[in-house]
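Trainee: Residue strings, one per chain:
Number of protein chains: 2
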Amino acid sequence: MHYFVTGCAGFIGSNLVDRLLEGGHEVTGYDNVSTGLREFLTDALQSPRFKLIEADLLDTNRLTSAMHGADFVFHLAANADVRHGTERPSRDLEQNTFATFNVLEAMRHNGVRRIGFSSTGSIYGEPEVFPTPETCPFPVQTSLYGASKLACEGLIGAYCEGYGMQGYIFRFVSILGERYTHGHVFDFYKKLAANPDEIEVLGNGKQRKSYLYVQDCIDAILTAVSHPEAQAKINIFNLGTDEYCAVDQSLDWICGELDVNPVRRYTGGERGWIGDSPFIFLDCARIRSLGWKPKWTIDQSVRRTLKYLVENKWLFERG
Amino acid sequence: MHYFVTGCAGFIGSNLVDRLLEGGHEVTGYDNVSTGLREFLTDALQSPRFKLIEADLLDTNRLTSAMHGADFVFHLAANADVRHGTERPSRDLEQNTFATFNVLEAMRHNGVRRIGFSSTGSIYGEPEVFPTPETCPFPVQTSLYGASKLACEGLIGAYCEGYGMQGYIFRFVSILGERYTHGHVFDFYKKLAANPDEIEVLGNGKQRKSYLYVQDCIDAILTAVSHPEAQAKINIFNLGTDEYCAVDQSLDWICGELDVNPVRRYTGGERGWIGDSPFIFLDCARIRSLGWKPKWTIDQSVRRTLKYLVENKWLFERG
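Protein sequences, first through last, are from chains F and G.
Per our numbering: the first sequence = residues 4 to 322.
Per our numbering: the second sequence = residues 4 to 322.
Where hints are given, some of them may not hold.
Which copy? The list can't say, so a pair holds if one copy fits it or any two copies do.
Said to hold, decoys possible - Simulated crosslink set (SDA-like; lysine to any residue; CA at most 25 Å straight-line):
#	residue 1	residue 2
1	Lys316	Asn113
2	Lys298	Glu246
3	Lys316	His185
4	Lys236	Thr89
By construction, these hints were calculated from the structure, which means they are not laboratory data.
So that you can see chain F by itself, here it is in the shape it has in the complex (with noise of 0.2 Å):
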């Protein structure tokens, strides 16, 4: 298979290329390198089977002619940044509405009829039921990023209907591991390798989180999109574990590994920022009715992202 991943040199995104290659893959990457990191295609570079296309999604003439021969597309590419979209809220209907729409224009002149799509947990804005089924009730947004992958979500359906592609919606919860670069794992050492004596904490540190481990994720993924039972023409899969934790429980856990003990001060409130869910938990029935579970507890994909924040400190002094 001919696997094009946008977004390859992100988080996820070339752990998943690192997989499909060790899987014996033929696969194209692209990405702008504007969030990405090239480190992170360091083995992927060394295959004769990874090719490396740097450009933007928003490159239309790029994107189309980059993606021919392509079997299935991995849509991996976006802002990620859910915190800060009341600070640019053109963002994200660019960098994820605009950069989905064009995913699939050139998928439609390429002829090429499969989508693997990296959605969000926070499409359910503020829910009702926990855990959240794929089928809770119709959800309102909280934030930009939610809006902006919510409309992902609606493209990509609509071009399934009436275009004959398949497929395959992933509702991550937010996933930690290898070449993590943003998210409190990060942040929280960050600011406790500055100043280990006291640190600031966003809302009232009560928020209830869940997360997944990269590689029990991409698991996930891929026991997805070859699974005989999930081949419908939208086939959508909430990603995460049975369980969540609070966000004074996860600082437990980093302060206990950094062998510290800081002065917690909280910005207050239930919300760590506009749009932030104070609970997020979904259920994962539907995957794992395909034979998926995850690996790794959230304790352990915490300590393990500690570890490799630790021992990469080169990610800090980018940025």
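Use these hints to put chain G onto chain F, whose structure you have.
Mentor: Structure of chain G alone, referenced to chain F:
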């Protein structure tokens, strides 16, 4: 109150403008007159309280300056052609999703806090629950039109949360009545005027659809936006009647009114076109709980619409 109405020269927009002016309000109408008709504003233009800006929603400078001083935005401008979405997929994205983003940005720059938006029952795709309530299971999109309107709803939700706005989202069934310029009554009448002996029907004629008379629709909108029990951050309402009819049934009424008896040639299939919903029937208990109810049945609405078209044949000569 000073209302800003996008799509003011359209079917629903122009009727809303007339009603707002009757209510003594000041109205700025914004329309690029691409599908709207200046003729629909003949009455409005005689009012000193009405101002028409002929410009496009993609012209952000004109839009932002035109909105200055408004208290409330009714955003009705849209590409409303659900049927031909797959012929030019960028149209829904540009005229619906981008345009709505521009309207929200213009509101933010002008400090306008309240928006009423014309969404659609098409965002329910092919629902499994009938009548379909606002809180039905998270739907999958089946048309580019529905997908674009879903994207608009998402943006409005995120703006309300992120910037302290208040939104009213109205999910319409198909609207009928004076100034109706496209849809099945228009098509059937046009075909029968050309050839009363034979008519082509898209699909198998058994698609079940709901309709609402335009003045009932506007009554519902005006009821909701001023109701003390509809003052949440986001207020979502289905707007329809508690009934539906088959395409064939509607054609019976039309043929009866015109006194013709054509042979019906069906294109076949449960759907009239790609993305068509075989059954649209919305649960309107929420808007009814505010005291609103429709004054006209579907049968009456179809006949009124036909009468309007018979008396306004110039509409057909224009396109």
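Trainee: Can you give me the call for Lys316 and Asn113, within, between, both or neither, at a CA distance of at most 25 Å?
Mentor: neither (41 Å within a copy, 45 Å between copies)
Trainee: Could you figure out if Lys236 and Thr89 sit no more than 25 Å apart (CA to CA) within one copy, between two copies, both or neither?
Mentor: between (34 Å within a copy, 17 Å between copies)
Trainee: At 25 Å max between alpha carbons, let me know whether Lys298 reaches Glu246 within a copy, between copies, both or neither.
Mentor: Within one copy only: 13 Å inside, 51 Å across.
Trainee: For Lys316 and His185, with the copy left unspecified, which applies at a CA distance of at most 25 Å: within, between, both, or neither?
Mentor: So Lys316 and His185 pass the 25 Å test inside one copy only (13 Å; across, 62 Å).
Taken one by one, the earlier hints fail for this structure only at number 1.
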